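Respectively, the protein sequence lines represent chains A and B. The working numbering applies: residue 4 is where the first sequence begins, and numbers increase by one. The working numbering applies: residue 1473 is where the second sequence begins, and numbers increase by one.
Worth double-checking, as some hints may not be accurate.
Incomplete in silico selection of chain B near chain A, CB under 10 Å [said to hold, decoys possible]:
#1 GLN1531
#2 LEU1534
#3 PHE1551
#4 ARG1553
#5 VAL1724
Residues of chain A placed beyond 10 Å of chain B at every Cβ, according to the derived structure [said to hold, decoys possible]:
#6 ALA26
#7 GLU104
#8 ASP144
#9 GLU197
#10 VAL316
#11 PRO391
#12 LYS515
To give an idea of the interface, some chain B residues facing chain A are shown, with a C-beta separation under 10 Å as derived from the structure [stated by the list, open to error]:
#13 GLU1530
#14 PHE1537
#15 GLU1550
#16 GLY1552
#17 PRO1712
#18 ILE1727
#19 LEU1728
#20 GLN1729
#21 SER1730
These are calculated hints, taken from the structure and not from any lab test. All values derive from a computational prediction rather than experimental measurement. In this text, a Cβ means the ideal position worked out from N, Cα and C, and glycines have one as well.
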Amino acid sequence: MKIKGLLIAMIFCLILVPLKAGAQTALLALGVADIGTLDPHFANKIGEVPIIRMVYQSLLRHPPGEIDVAKLQPSLATQWEVGDDKLTWTFHLRKGVKWHEGYGELTAEDVKFSIDRIINPDVGSPARKALAAVDSISVVDPYTVQIKTKQPYPVLPAMMVEERFGYIISKKAAEKLDKDIKYHPVGTGPFMFEAYKPRESFTLKANPDYWGDKPKLEKVEVSFMPDNSTRELALRNGEVHAINIPAKQEWIDRLKKAGFTVNLTSPANMFVLHFNLTKKPMDNKKVRMALCHAISRDILVQFLGKDVAKSEVSPLPSGYVGYTDNVVRYPYDVAKAKKFLVDAGHKDGFKLSMNISNSNIYLPPMQVIQEMWKKIGVDLELKVVDHPTYHKLIRKDVNPVVIYGAYRYPLTGTRYFTQFYHSDSIVGKETAIINFSHYGEALPGVDKYIDDARFELDVTKQIRLWEAAQKQIVEDCVAFPLFTRKYAMAKSKNFDQGFEQKSYSFYQVTEKSRIK
Amino acid sequence: MSKTQAKNPQPEHRLDLLREIWKVLKHDKTALFGFIFILGIVAVAILAPIISPYGYSEQHILDSFQGPNTSFFLGTDEFGRDLFSRIIWGSRPALLVGVLSVLVSIGIGVPIGLLAGYKMGWVDRVVSWWVDVALSFPSILLGLMIVILLGPGIVNVALAIGISHVAQYVRLARGPTMAIRNLDFVMASKALGATDLRIAFGHILPNIVGPIVIMGTLSIAGAIRMEASLSFLGFGVTPPTPSWGNLIRDGVDNILQSPWMALFPGLALTFSVLAFNMVGDSLRDMFDPRAGLGKKKG
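Chain A extracted, bound-state conformation (with noise of 0.2 Å):
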């Protein structure tokens, strides 16, 4: 009796799931415990970014799913243009634009709130230092704003777009929902917020007064599942359409052999180790080179797989606006690394200890170099801490060594040398970034360099600027730039977007995303 009424529930169980995802409910997982914000000028996190970018809109945006600066189009902005005096940027804006939840309609005020809002540095936006170019912002009429730079700014329109310092938010909604907009968004994307359940779920509506075509899903629903392997089974069983998986080779070709598309995107983060300069022995510019010497980027480019990761040399990523790989190289060389270490005074090695998140974009590329470092008697000891910890322990200048995968749009040097390498961005300081080597202090390092860029107007200038930069790190060795890493997810064949995804940290999904 007890078994058929179990059969019963179980077989319930089996009828239920088909007809969960039989309706035009997208189903998407993601590998996040929960979401933190879903503040858009603040969120940045894999399970926040993908539920902002189908709630809110930028003025600008790229086409979908990719980040390209040459291929910008209108959004909420049907037209841009710049003044004379190349400071004054005009935008007007697409008309009949409503706000979810009956908020009314899109006007210059609220272009002129969300910027204000990013700069403001009471409100404490991330994306604050994005903007610092921008001198104020001012309303013309209801359908048109003026942002006016500070000095000549070409690349403002590229930063319009869909990342933190671009979204537009409404001012009526943020001053009525106040703090409950972390938990609430309110945009003018073709999705709008249904429910959150905390550690669980996130669910989307479509939006019915969209601006643009009639969104083809009802519903998004959007899970939080940590388990690397329970996601994978979800996708496996049907549960859900689409799911983030970690860049690995083993698991790109494993769920191709199973029948799903697989999508590698980038721009990808950038892994460096940053050597700290107050710590012993890092001061020794010898030891810095031998740890570098010893270091083979071929095996962890074999250990993560040919097809997600590149090796990288140059303290800025291939690809980037003033990239060069005319910089000295550290090839793999266990002799001449032991070498370094014996001319350190470091015969017999030494003992380094450092925390480390438990992440699987850090532990394990970590756990390969640790390795490469025994070789030459470096005995590294490996601190494990879950992953908010070893971001709070890092900015509190604990460790010797730190290691960091990073992407900053727009893919120029500017933010890049700003964050990592500029002194202001020294970790402690009240400025602080992601400066982790203290370069600029310790060593004379590049401010001049970036400083100079920054206000240079001459491309061919700023572009020499910045290799000179590239140069002076990694002569100097304070940084040891491993690999790109892309980005890699799932998602079944019957899950149609509508438009390739080829960049971005996970799936977006549009208006014309559907289930087939």
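For chain A, the structure is supplied; the task is to place chain B on it using the hints.
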């Protein structure tokens, strides 16, 4: 137990116990098998550097996720490390934590139990109340809390497991102590002017060694399991040092890629725990008259 108590609790007592244990092993094939298996694990742990075909952290990136084959007996993991070698080395933290944590439990728990049982009165009431509370609290949770407090690492894990099992030994020592404290030979020593300390450790303790040994053997199995649990949760040894728990965890992370990565360390853990339980159960049967009778009848 009553047999040992009746005898004069003097030096030959230790020999007596060993002899009794040997007698059990000789008659009980299950226990003997378990005992030999334990000796085998100990030998493997000691000889790990000699018998493991590769270093436990030696990576062969090109040979990652191999199934069992001729060059890698049990296959390899994500880094191309030899699973067989890692399981061999993983026996070290298992045994070390198993034995160390039991010694910690005994070292703390037995003196407290002796004190409570011997002194009685309010000391006993306070201790008993605390033991009741501690025993009703899940030990894995308590261990987890302690190890978070102390930080990861093998010694800390041993301490955490040891401390979380102290209450059992307090209870174990307290009962017999209360029974023995009123026996004639204790009274006699008292009359001869022996101090409390001498009576507790010189006269009472030797009489409760038996139950402690049994409990210890059984606890080692539990401690090995708990070490694996803590390692599985990421609180054990730091990478790249292998322990069965973190090997299983690595295996679970890659279970859809190569199932044997979780299977083999799981088997190692299961058999070791089983071996300690086999020996422990037999010893309990010997010392516990009721259980022993039941067994003979069956």
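Cross-check of the supplied hints:
1. GLN1531: holds (5 Å)
2. LEU1534: holds (6 Å)
3. PHE1551: Status holds, d = 7 Å.
4. ARG1553: Holds. Min distance 9 Å.
5. VAL1724: Check passed: Cβ of VAL1724(B) comes within 7 Å of chain A, closer than 10 Å.
6. ALA26: holds (28 Å)
7. GLU104: holds (42 Å)
8. ASP144: holds (58 Å)
9. GLU197: holds (32 Å)
10. VAL316: holds (20 Å)
11. PRO391: Nearest chain B Cβ is 15 Å from PRO391(A), so the label holds.
12. LYS515: It holds; LYS515(A) is separated from chain B by about 32 Å at its closest Cβ, greater than 10 Å.
13. GLU1530: holds (8 Å)
14. PHE1537: holds (6 Å)
15. GLU1550: Hint holds; GLU1550(B) Cβ to chain A Cβ min 7 Å, cut 10 Å.
16. GLY1552: holds (9 Å)
17. PRO1712: Hint on PRO1712(B): holds, closest Cβ of chain A at ~6 Å, below 10 Å.
18. ILE1727: It holds, given that the least Cβ distance between ILE1727(B) and chain A is near 6 Å, below 10 Å.
19. LEU1728: holds (6 Å)
20. GLN1729: For GLN1729(B), the interface hint holds, since the closest Cβ of chain A sits about 5 Å away, which is under 10 Å.
21. SER1730: At 9 Å from the nearest chain A Cβ, SER1730(B) passes the 10 Å test, so the hint holds.
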